[in-house]
Every structure is written in structure tokens, then in C-alpha cells.
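**Q** Residue numbers (our numbering), protein chains in the order written: chain U, 331 to 514; chain V, 483 to 809.
Errors might be hidden in some of the hints.
Said to hold, decoys possible - For lysine-lysine, the following DSS-like pairs were computed, each having C-alpha atoms within a straight-line distance of at most 25 angstroms:
#1 U/LYS367 / V/LYS535
#2 U/LYS398 / V/LYS521
#3 U/LYS365 / V/LYS705
#4 V/LYS735 / U/LYS365
#5 V/LYS521 / U/LYS365
#6 U/LYS398 / V/LYS660
#7 U/LYS365 / V/LYS484
Read the hints as simulated data drawn from the structure, not as lab findings. Note that this is a predicted model, so its numbers are computed, not measured.
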Amino acid sequence: MSTPDSNRHFSILDQMPIAEAPNASLGSDRTIAVKLKVNETEHELQLEPCVTLLDTLREYLGLTGTKKGCDHGQCGACTVLVEGERVVSCLSLAAAHQGEEITTIEGLAKDNKLHPMQSAFIKHDGFQCGYCTPGQIMSAVGLIAEGQAQTDGEIKELMSGNICRCGAYLGILSAIKEVKEVTA
Amino acid sequence: MKHFTYERASDRTDAITQVAANPQAKFIAGGTNFMDMWKEGVETPERLIDIRKFPGEITVTDGTLRLDATTTNSQVAYHSQVRDRYPVLSEAILAGASPQLRNMATTGGNLMQRNRCSYFHDVSYPCNKRVPNSGCPAIEGINRMHAIFGTSDRCIAAHPSDMCVALAALGAVVQTRKPDGETRNIAFKDFHLLPGDTPHIETALEHGELIEAVEIPPLPWAKRSHYLKVRDRHSYAYALVSAAVALEIEGDKIVNARVAMGGVGTKPWRSPEAENALIGAKNNEESFIAAASAALEGAKPYQYNVFKIELAQSTLVQALLTVNSEQ
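Just chain U, same shape as in the assembly:
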């Protein structure tokens, strides 16, 4: 049975009022203007200061590729690039990234062509259920850019902020190694 409420849940546009609801109920407007450049598109938002970058991407911008796992910075599923550096978006305040450039999994492919890391994850079976995959891929892209991982051991250590419960770690390692060799 479908109710109006359950229909609402599936519309991204209809989620906008959800985000504004706390102000209405408290009768005071604490929202602040936040400008973010996400995947090369500028967005101007009115946000509660306490809204995380993760919730902003998912609930306000409809970019649900970035996943919410633990929401405490321990699993890495919410990894995005801020100004080219990998961070966990669940422990980031959107307001703190005013004017900064954010790249999410949706921003990696260009002109309908997958990013080399996305292709490599497919080729090497770097996932099973796929929930951690956007975070793994964003973290891997960040790792290559950092240039600190040379050996297998170093790649594993510098991917330790991303947990995969399916245990696809060997495929992930192979994928990263392939991209690293091509870009070296």
C-alpha cells in the first residue's frame, strides 16, 4: 500500500523541505548561506551550520553516490575529495568548506567515459555488494594523487581508512596497482 509519505521518500526534490524543517519547528532561522562547487557545478545553499558535507551531498544535492556507513569516520564509505584531498565527508561540516571544490564519485567520469580507477575496479572485481565502493574509489584516487604508496604493503596501509565487509581487498589492491602503474 502506498501512502503519500512513502511516496515522498523517493523524490529528491521532496526532500528539500525535510532539510529546512528544523528551523520551522524551532521558530528561529539559524541557517547560513553556503557556496560549494561540487563536481564543477556551483551550488548556493541555505544550511543549518551543523549539517555535514555528507548529508549535504546526499539530502540537499541528490548526490547519493557518496555513502553513509558508520557516520563516525571509521569506515571510509563517505570519502570524497576536497580541493583534491581525500577526506571523510561525515566528519566535515558543509559550512566549513565554503567556496571549496568537492569531487564525489559522480564527478569522476568524463564525457561518458569512466575514470581509470572505476574501470580498474570493474576489471579486477574490486567489490561485491558495492556499498563501500564509491568511498574506496575516491580514496584510491586520493592515494594515487598523494604519491606516498609504492609497495603493496604501503597501498594496503594507506587504504586502511576504507573498510570492505565483503572482503574485496585483493581486487581493490590489484585495481589500484594497475592505475598506479599506468599513471606512474
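Add chain V to chain U, keeping to what the hints say.
**A** Below, chain V alone, put in the same frame as chain U:
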């Protein structure tokens, strides 16, 4: 989760003035530790003043290394001067957290991070740190991760930082600015406070006082230094125990030594006892075992963390052997 207001400070004076004006205001930079605790309901500020975008430079003047408070953990750990001159600091930072968190977390924030006692983090339990005089369930509870040095009958939480253990060993100095404009240099050993009767007061800072930088003295022989961390899994976990060591060796004698331990103290635990045992001794395993034994004298274990005494001794010996074998 309590709502808060937020503002990005224009400069240090603005930041200090704004925090000083509200007893419930806090500075925020990387926010990694704060956001976690805010979601748990442990941190409940009314106002956050953001200092993250302040310049974060690493500079060297007359051999002293200066880390601005807003330098990130990654920036410091991978800096060539840090890697060459203070390997113990680079290794300690890289042994902590994850790459994503290290890209966010700052030097000042690392000093200000709060402990990971599970009772402190669970607001359904009493905790003298969260609610003064409410009690400490850890003393009679599951205290495997807790401290064996510097505890009191009010709190036994271990200090969680790796970076701070290296900074304690290196004898760093914390530069701060107070709301009245006065600046001060706080010796690292005086920065974090023992819990005593007031475990809710964790540092020497007064409200509104801002960490501006951390300075590390030249210490040329710290090139021969090492951080060894032992944890329940290979990576991305807090220390059961850890050791930060540096040795200056002339011939077959140790002429200078620095020893600090993590995972064992309610604050980063420097061990003058171990240092005194090493200085003047021969650089061999026998001396290292004697120093490790001196370091753990006076340790007060609890029901589930008795293992930390032997583990800390072995970790110290291993770390000293590693440094000793370096040329």
C-alpha cells in the same frame, strides 16, 4: 545532537575574542574528533569558531621547527624536514588514524583531542570527565584499553594520541595566545594535565586561549629516533602501548636518550626514569631491558590491563634495539 551557531573567524584575534565571549563556544579546525563526539552527544557547544583556513605553515628558524596549529597531520608527517630530522614524529603521526582523517586533522587539534574511554563516549554512563563527580565506571569496568600511569580514583582514561607521544619525547613547546593578548610558551610536559580530582580539566589552556604553533627544538641526534606502536589489528586502531625513543650514541655509550610511551598514561607519558637508566649506559640489549624495567616501575594496572606492563617493556626494548641498529 545539539544545534550550534558557526562562524569562520577572520583572524586569530577575532577567533579568540569570539570564543572568549561565550563560555559555551569552541574553536574548530579539522573537526574529526569534535564531530564524532558531537554526534554522540558528548560535545554540546553553543557556538563554533572555525580557524581551519588560518595559514598552516611549517618553518625552520635557527634549527627550531615550527608547526602552525592548523598544519594538517599529513602535511607534517610527509614534510621533508620532519622525516629527516624527527623520524619519530613522522612515524607517530602515520601510525595514527587513517589517511582521510590525517588530511583533515590538525596539529593543534591533535593536542586537544579527547580520550577514547568507551564510558566517556557513552552518555548513558556516568563519567567524571563529562559530568564532574558523577563517577567512573571504568575503574571497576572493562578497562583493558585504559591507563596504568597517572590515574586517579576519578579517571583512568588513556591519552589516545600517537603524535603527542613523539612531541613529549622531543620536548616540544606549545605557543598560545590568551584572550588578554598575552602569549605564552607551554612546555609539552605541562600542557596536558593529570586527571586528579578534576578530570574534566584536561589541558593548561584557559577558555578562549588559542594554540598558535608547536615548536620542536633542534635536537640533531633525534635523527636517530623511532616510533613503535602495538595494537589489536595491523592498522587504524588506538595503541595498546607505544614507544617513542631517540638515542645519541658515542662509541659504545649512550650519551643522550629520550623515551615516551603511549597507551599507558592519562597523558602522553615521558619517562625520565628510562632516560636516566640509558644515559651513560652501554648501547646493548641489557641496558635497554634495564631501562624498560625502570620505565614501568610504579605502573598501576587494573583488572583487564595488567598485560600492558610486560607489553610496554617489550615494546620499549624493541624500539630501542631498532634505533640502536640504525647508523
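**Q** If you test the structure against every hint from before, which numbers come out violated?
**A** 3, 4, 6
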